[in-house]
Amino acid sequence: MQTTLSQAGSPAIAASASSALGHARWPLTAAILLAVLALAWFVTVRQSVLFVIGIGMGGLLAGARFGFTTGWRRLIEARDASGVFAQIVLLAVAAAISIPLLAKFPGDLAAALGPPSISLLIGAFVFGITMQIADGCGSGTLYKAGLGIPLNMGVLPLFALGSFLGSVHLHGWLSLGAVAPVSLVRDWGAGGALAATFAGLAVFGLAAWVWSRKGGAAAPALWNRKLLLAGIGLALLAVANLVVAGQPWGVVYGFGLWAAKVATAAGVFDPAANAFWGQAGNLRTLDQSVFLDVTSITNIGIMAGALWIAARKPSSGKPLTGRQWAAVLVAGFLLGYSSRLAFGCNVGAMVSGISTGSLHGWIWVVLAFAGSLIGVRLRRRLGV
Amino acid sequence: MTASRTSAVLLFWAVLIVFFAWDWTHASPVNHRKEPAILAIGSGQAPSGGHCSAF
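Each protein sequence line maps, in turn, to chains D and V.
The letter at position 185 of the first sequence is residue 398 when you use this note's numbering, and the numbering goes up by one with no holes.
The letter at position 24 of the second sequence is residue 41 when you use this note's numbering, and the numbering goes up by one with no holes.
Hints in this document: simulated from the structure, not taken from any laboratory.
Quick reminder that beta carbons are idealized off the backbone N, C-alpha and C, glycines included.
Among the clues, some could well be false.
Lysine to any residue pairs mimicking SDA-like chemistry, simulated, CA-CA at most 20 angstroms apart [to be verified]:
id : chain 1 : residue 1 : chain 2 : residue 2
1  : D       : K317      : V       : K51
2  : V       : K51       : D       : L389
3  : V       : K51       : D       : R497
4  : D       : K531      : V       : A20
5  : V       : K51       : V       : A63
6  : D       : K317      : V       : S65
7  : D       : K531      : V       : T19
8  : V       : K51       : V       : W30
9  : V       : K51       : D       : W254
10 : D       : K427      : D       : V416
11 : D       : K317      : V       : P64
12 : D       : K526      : D       : V258
13 : D       : K531      : D       : L595
14 : V       : K51       : D       : K531
15 : D       : K427      : D       : A415
16 : D       : K317      : D       : R238
17 : D       : K526      : D       : L241
18 : D       : K531      : V       : S21
19 : V       : K51       : D       : A432
20 : V       : K51       : D       : L496
21 : D       : K317      : D       : R399
22 : D       : K427      : D       : A291
23 : D       : K531      : V       : S24
24 : D       : K317      : V       : I55
25 : D       : K526      : D       : P240
26 : V       : K51       : D       : V256
27 : D       : K317      : V       : Q62
28 : D       : K317      : V       : S21
29 : D       : K317      : D       : A409
30 : D       : K526      : V       : L27
31 : V       : K51       : D       : V258
32 : D       : K439      : D       : L449
33 : V       : K51       : D       : L449
34 : D       : K526      : V       : W30
35 : D       : K531      : D       : R590
36 : D       : K526      : V       : A63
What follows is a set of in silico ranges between Cβ atoms, one per label pair, in the way DEER data are often shown [to be verified]:
id : chain 1 : residue 1 : chain 2 : residue 2 : range
37 : D       : A251      : V       : K51       : 14 to 22 angstroms
38 : D       : K531      : V       : I34       : 22 to 30 angstroms
39 : V       : L27       : D       : L250      : 18 to 26 angstroms
Given these sequences and hints, build the entire structure.
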């Protein structure tokens with residue numbers, strides 16, 4: 214059985230929809246501007262600025278179809294390294310600015326430091342598998358949901374539920390074995406951290422180049438201008454996020470927070486009795502509006518930015534069978550759960566971890582890519 | 018875009034907006050006296066927000 218939710222059926226319908234949505238762009242622009250002003254007036258100016266940063270992120274992700282998941286899949290399946298090279302440039306630009314700032318302002322700015330642990334190994338590996346099946350990582354799910362792609366709109370609530378439950382169980386997973394987070398900036402200074410980061414990225418780039426050249430003369434070009442520019446833009450916005458919020462760009466904490474609020478209000482969860490949510494900072498965040506939460510506000514901005522793009526450039530997606538939907542939704546739940554075990558997704562662990570000198574970001578990439586090698590095969594078998 | 022897909026998009030955003038409105042009415046009021054600096058950098062304030070790497 215195929216659902217009719219998924220796709221603009223024909224070019225004619227899509228063209229008609231494009232025209233109709235084009236008319237929605239001005240009201241949408243007005244609504245977004247109103248939201249920016251309302252946040253500045255009723256919440257805080259900082260949160261309003263972060264919302265604008267999120268809109269920029271969503272616009273770039275959706276406008277360029279900058280997918281971390283797709284980039285990896287294209288490298289694995291088609292030996293097309295252009296997406297991965299754009300990601301490496303993103304990481305290099307973000308690190309080149311963030312690491313010196315973190316060294317100069319250690320009291321004002323924080324790195325994304327997760328602990329190397331059994332939890333990280335398992336979480337990143339499972340995340341790598343499931344992001345291919347659910348066709349999106351943290352940022353990918355957000356911007357594709359904002360674009361109105363049914364698969365990702367369906368995945369989002371389960372991602373949030375998984376993220377919440379992962380955080381609830383996090384301390385149990387950490388008891389399996391963990392060491393303290395390793396900060397390259399703290400241990401080696403800005404110069405050493407930058408040198409190590411660039412060397413690591415060069416190794417990744419070389420490995421991707423070697424793999425892509427195995428395709429022979431027909432191998433796709435290494436550089437895609439659109440993806441490259443989007444990667445640089447995202448790096449600058451990630452730095453802006455750090456400078457404004459004092460902490461790096463993140464996605465999954467916000468998802469878990471939303472589900473935690475619902476569970477708490479429903480009386481099925483007592484945050485004070487939980488090792489993670491019972492911490493003073495998390496209890497305070499639970500008590501406040503989500504509009505005051507840094508990751509939530511950029512998440513909302515990303516969806517709004519993608520929606521704005523969708524008004525001009527409607528997206529497509531193929532219809533899914535009931536079995537495929539079930540597989541995708543289970544993957545979406547595991548995506549959220551594993552992202553908390555791994556201390557972030559492609560954004561919180563990879564982009565923010567690596568660009569702020571956290572060892573856990575490097576471990577995350579290796580394990581998540583290994584998981585993606587399996588994930589692309591499962592995806593093919595499921596026909597998603 | 019088909020009508021069913023447009024409906025799905027509208028439903029998605031409606032659920033989100035209802036959630037945000039519910040949250041706004043049930044959360045503690047914003048204390049504007051404690052508003053953070055627009056830029057954290059150079060503010061002298063330690064970051065206190067939640068992050069995915071937190072444990």
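Quick rundown of the hints versus the structure:
For the proposed pair K317/D and K51/V, the alpha carbon gap of about 25 angstroms is over 20 angstroms, so the pair is violated. For the hint pairing K51/V with L389/D, the CA-to-CA distance comes to about 40 angstroms; that exceeds 20 angstroms, so the pair is violated. With a C-alpha separation of about 14 angstroms, the suggested pair K51/V and R497/D falls inside the 20 angstroms cut-off, and the hint holds. Simply put, K531/D and A20/V have alpha-carbon atoms about 16 angstroms apart, close enough for the 20 angstroms limit, and the pair holds.
Note on K51/V and A63/V: the hinted pairing holds, with a Cα-Cα distance of about 14 angstroms set against a maximum of 20 angstroms. For the hint pairing K317/D with S65/V, the CA-to-CA distance comes to about 19 angstroms; that is within 20 angstroms, so the pair holds. Straight-line distance between C-alpha atoms of K531/D and T19/V comes to about 13 angstroms, which keeps the hinted pair within the 20 angstroms bound. Restraint check for K51/V and W30/V: the C-alpha separation of about 31 angstroms exceeds 20 angstroms, so the hint is violated.
Between the alpha carbons of K51/V and W254/D the distance comes to roughly 14 angstroms, so the proposed pair stays at or under 20 angstroms and holds. A distance of roughly 17 angstroms separates the Cα atoms of K427/D and V416/D; the hinted pair therefore holds under the 20 angstroms criterion. Simply put, K317/D and P64/V have alpha-carbon atoms about 15 angstroms apart, close enough for the 20 angstroms limit, and the pair holds. The hinted pair formed by K526/D and V258/D fails the criterion: a straight-line CA distance of about 31 angstroms is larger than 20 angstroms.
At most 20 angstroms may separate the alpha-carbon atoms for a hinted pair to count; K531/D and L595/D meet this at roughly 13 angstroms. Proposed proximity of K51/V and K531/D is contradicted: the alpha carbons are some 48 angstroms apart, above 20 angstroms. As the CA atoms of K427/D and A415/D are separated by approximately 19 angstroms, the hinted pair is consistent with the 20 angstroms bound. With a C-alpha separation of about 42 angstroms, the suggested pair K317/D and R238/D falls outside the 20 angstroms cut-off, and the hint is violated.
Restraint check for K526/D and L241/D: the C-alpha separation of about 14 angstroms stays at or below 20 angstroms, so the hint holds. Only pairs whose Cα atoms come within 20 angstroms are accepted, and K531/D paired with S21/V is accepted, the gap being roughly 14 angstroms. With a C-alpha separation of about 56 angstroms, the suggested pairing of K51/V with A432/D is violated against the 20 angstroms cut-off. At roughly 17 angstroms between alpha-carbon atoms, K51/V and L496/D fall within 20 angstroms of each other, so this suggested pair holds.
For the proposed pair K317/D and R399/D, the alpha carbon gap of about 11 angstroms is at most 20 angstroms, so the pair holds. For the suggested pair K427/D and A291/D, the alpha carbons sit about 10 angstroms apart, so the restraint of at most 20 angstroms is met. Between K531/D and S24/V the CA atoms are separated by roughly 17 angstroms; this keeps the pair inside 20 angstroms, and the hint holds. The suggested pairing of K317/D with I55/V holds, with an alpha-carbon distance near 19 angstroms, which does not exceed 20 angstroms.
The straight-line distance between the Cα atoms of K526/D and P240/D is roughly 16 angstroms, inside the 20 angstroms bound, and the hint therefore holds. Between K51/V and V256/D the CA atoms are separated by roughly 11 angstroms; this keeps the pair inside 20 angstroms, and the hint holds. Straight-line distance between C-alpha atoms of K317/D and Q62/V comes to about 14 angstroms, which keeps the hinted pair within the 20 angstroms bound. In summary, the hint linking K317/D to S21/V is not supported, as the alpha carbons are separated by about 53 angstroms, beyond the 20 angstroms threshold.
Straight-line distance between C-alpha atoms of K317/D and A409/D comes to about 18 angstroms, which keeps the hinted pair within the 20 angstroms bound. The suggested pairing of K526/D with L27/V holds, with an alpha-carbon distance near 17 angstroms, which does not exceed 20 angstroms. Between the alpha carbons of K51/V and V258/D the distance comes to roughly 12 angstroms, so the proposed pair stays at or under 20 angstroms and holds. Straight-line distance between C-alpha atoms of K439/D and L449/D comes to about 16 angstroms, which keeps the hinted pair within the 20 angstroms bound.
As the CA atoms of K51/V and L449/D are separated by approximately 28 angstroms, the hinted pair breaks the 20 angstroms bound. For the hint linking K526/D to W30/V, the alpha-carbon distance of about 18 angstroms falls within 20 angstroms, and the restraint holds. Restraint check: the Cα-Cα separation between K531/D and R590/D comes to about 18 angstroms, which is no more than 20 angstroms; the hinted pair holds. At most 20 angstroms may separate the alpha-carbon atoms for a hinted pair to count; K526/D and A63/V exceed this at roughly 41 angstroms.
The hint said 14 to 22 angstroms for the Cβ distance between A251/D and K51/V, and at roughly 19 angstroms that hint holds. At about 28 angstroms, the CB distance of K531/D to I34/V agrees with the hint of 22 to 30 angstroms. Hint check: L27/V to L250/D, Cβ distance near 24 angstroms, so the stated range 18 to 26 angstroms holds.
The structure fails to meet hints 1, 2, 8, 12, 14, 16, 19, 28, 33 and 36 from the earlier list, while all remaining hints are met.
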